[in-house]
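S.K.: Line by line, the protein sequences give chains X and Y.
Numbered per my numbering, the first sequence spans residues 116 to 320.
Numbered per my numbering, the second sequence spans residues 1328 to 1618.
By construction, these hints were calculated from the structure, which means they are not laboratory data.
One should not assume that every hint holds.
Stretch by stretch, here's where chain Y covers chain X in the computed footprint (C-beta under 8 Å, at least three residues) [what the hints assert, rightly or not]:
#	segment
1	169 to 175
2	216 to 229
Cross-link-like lysine-lysine pairs, in silico, DSSO-like; alpha carbons within 27 Å at most [as the list claims (entries may be wrong)]:
#	chain 1	residue 1	chain 2	residue 2
3	X	K232	Y	K1614
4	X	K144	Y	K1614
5	Y	K1532	X	K144
6	Y	K1592	Y	K1530
7	X	K144	Y	K1530
8	Y	K1592	Y	K1608
9	X	K177	Y	K1595
10	Y	K1461	X	K144
11	Y	K1405	Y	K1381
12	Y	K1595	Y	K1532
Cβ-to-Cβ under 10 Å is the rule here; a few derived chain X residues that face chain Y [as the list claims (entries may be wrong)]:
#	residue
13	R142
14	K144
15	I146
16	A239
17	S242
18	G265
19	C268
20	P279
21	N288
22	D291
23	P308
24	R309
25	A311
In this text, all values refer to a predicted model and were calculated from it rather than measured experimentally.
Even for Gly, the Cβ is constructed at its ideal location relative to N, Cα and C.
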Amino acid sequence: MSFNEELVKVASDEWERWGFSAAPLHRPKAIAGLERNQPFVGFVHDYWVVVNRPERNGLTNKPWSAAFISFCFKAANAGDDFPYSEGHYGYCQKILKGMRAGNPKITIEKPAGTDLKLGDLIWAGRSGTGCGTPPQSFDGALTALRKRDGFFCSHADIVVAIRPGEVDVIGGNVSDSVTKTTYVTNNGRIADPRHAWVGVIRNTL
Amino acid sequence: MAIEFVIERNDRTYKAKADGAAAFFIGLSTHFRDRSSGEDFHGLFNVPTNGLPKLLYSAADQRPAFGFWADFIEPTSKCEGGNYLTLNTYDRAKFTFGFGQFAAHVPDGDFVVYFRDMLGRPEARDYFPDLMVKGGRIVRLSTTGEVQLENANSTKPLMNYLNPTTTHIEDDEVIAAAKFIHWTANHQAAQALQAFHMIGTFKDKMAAADRNLGLDGRAADRCAIICDILHQGRAKYPAIRQALGTGTRDALLALGSIAYPDRIKTLKAALDKAGAVLTGKHWSASKQDFV
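Just need the whole structure built from these sequences, with the hints factored in.
M.R.: Dropping the structure here:
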């Protein structure tokens, strides 16, 4: 099994563990496990442990989507090849640093020019309390990553299924659960207008 | 950082400036008396007027992202005026926006789900810094805490936030309208979101119509007429079933043609223009899609 197949399996297994929460296209969300309820409080703790935050769990008022991504990479045996972080900005900053150092096992690609593959992460800026206005483009995101004070709030999900015109992704802290969301694609590239897509994170692990 | 909007009023015409830039048109004031209830309604509208930029829905613009469904909604978009910036704040819905006339009074309805997604976009805080989506619902942040503006049973707080009363035109109402217009005019993704939700609405209508009428194998032009009838509410399923049974397109177009001749004329012209784009696709009940 390739690394990306393993990554998709890990994400899918977690999705099952949370009860198959789903946000289908043009249909109401169906959310099963919630972060504030047992045993899901503990599942979120599992994710935080990977990013050295063992004091946190599902009751902690901190976004845990990057911890979920880190957990999935760890469980898929990425070893030291993934820059585990409690924030998407944090691991993306390290990925960019690795790209500059000529070590592109993991890269950040332009969403408008990248055909999605299983195991990719699709990355979008988001608003929220204390977030300010995040960049809305790949170039804007990279500029922000290069700055010391360029932090912005964001979110990323793992691509687990691709169909004509649609992609399924699994992410943590989506509607307070681990949720499979369906997004619109255009010729295999992310095109859903609900978010400002700033990057596709691709690995060749 | 939140954009500052300043209202300019000249007689019935309302405009706004965003961060001191050139004023842009919002709408004209209007009022009417509901004969059945005797209530007076005051508010804004902007279609049809001369002041609104022609930011029109085009299937060609949205087809790359949404495929055939972008074509399927186009006839109705033309019937509704087709302008992404369409506004109406003078009826019971209190706030209606977009080429699909998404109305704020329906719980979990088209406006609510569209606005939730708008608030999920990163530029949302430039326009509505006091609103966010929490637990799947729109909430307002205030100094005293969070107030949920909509739930499965009511959108009254959301309607009141956007338009406090229908008896007067308030600054809050004008500013909310200005925000939606400026946001949509300046962000292509906001326009695409309208198309996305109009398509979602029409997918729901097709699913419901299929359950009620059995549309498997029917050509998309007939289905587009049925969806337009349901969207406007000018006929019910028994009448549609009877018209469908005749096998002619004209029988479907005849439904409501006395009361709404202009709409039917626009719809027919749009269907004729679309031609084989619509007649060449057929509804598949098993796939719940056109093939």
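S.K.: List in ascending order the numbers of the hints, as given earlier, that are violated by the structure.
M.R.: 1, 2, 9, 18 and 21
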